[in-house]
Amino acid sequence: MIQFPPQTQKSQRNSKFRGFDSRQRSLWEIIRDPQTYRVSAVTISNGGNNLGIYIPLFASSSIQNLAVIVPICYFIVCCWLFMSYTLTHLPGIALVLSRYASKIFPFVLMWLGFRILIDSESYRLFLPNT
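Residue numbers (my numbering): 1457 to 1586.
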């Protein structure tokens, strides 16, 4: 059984904003939780998008370029993780995220996809050649 540290008064106060049940659960309960599979499905589907972007980038790069690209990618991922961790632990932002994130996030992703299509001019692939 995974042992979580005892909750402090601050963590008890903010536990309702975290978006998950903060009670002690065994690893088996976590594995059997349907939410685990929902998160996994989103992660895998997002991974396909990343493969389509990064495989051509890495395949066409020299070793010297990869020596620069890979550490920068890891640094950026660490920055995103730190920012998301910090933001979700602020009570005001956590409250807004827990209430509205599921409603706003799909539109953010659609906007991002639209911007990528427009900026890369990929929409021209769908237009007839004139």
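Do not take every clue at face value.
Claimed, not checked - DEER-style ranges, computed between Cβ atoms:
| # | residue 1 | residue 2 | range |
| --- | --- | --- | --- |
| 1 | Y1556 | A1523 | 33 to 43 Å |
| 2 | L1546 | I1574 | 26 to 36 Å |
| 3 | M1566 | L1507 | 15 to 25 Å |
| 4 | F1538 | F1570 | 19 to 29 Å |
These are calculated hints, taken from the structure and not from any lab test.
The beta-carbon is built from N, C-alpha and C at its ideal position, and this holds for glycine as well.
Checked hints:
With their beta carbons about 42 Å apart, Y1556 and A1523 fall inside the hinted range of 33 to 43 Å. For L1546 and I1574, the Cβ-Cβ distance of about 33 Å falls inside the hinted range of 26 to 36 Å, so the restraint holds. Taking 15 to 25 Å as the suggested C-beta distance range, the pair M1566 and L1507 conforms, at roughly 21 Å. The hint said 19 to 29 Å for the Cβ distance between F1538 and F1570, and at roughly 28 Å that hint holds.
The earlier numbered hints are all upheld by this structure, with none contradicted.
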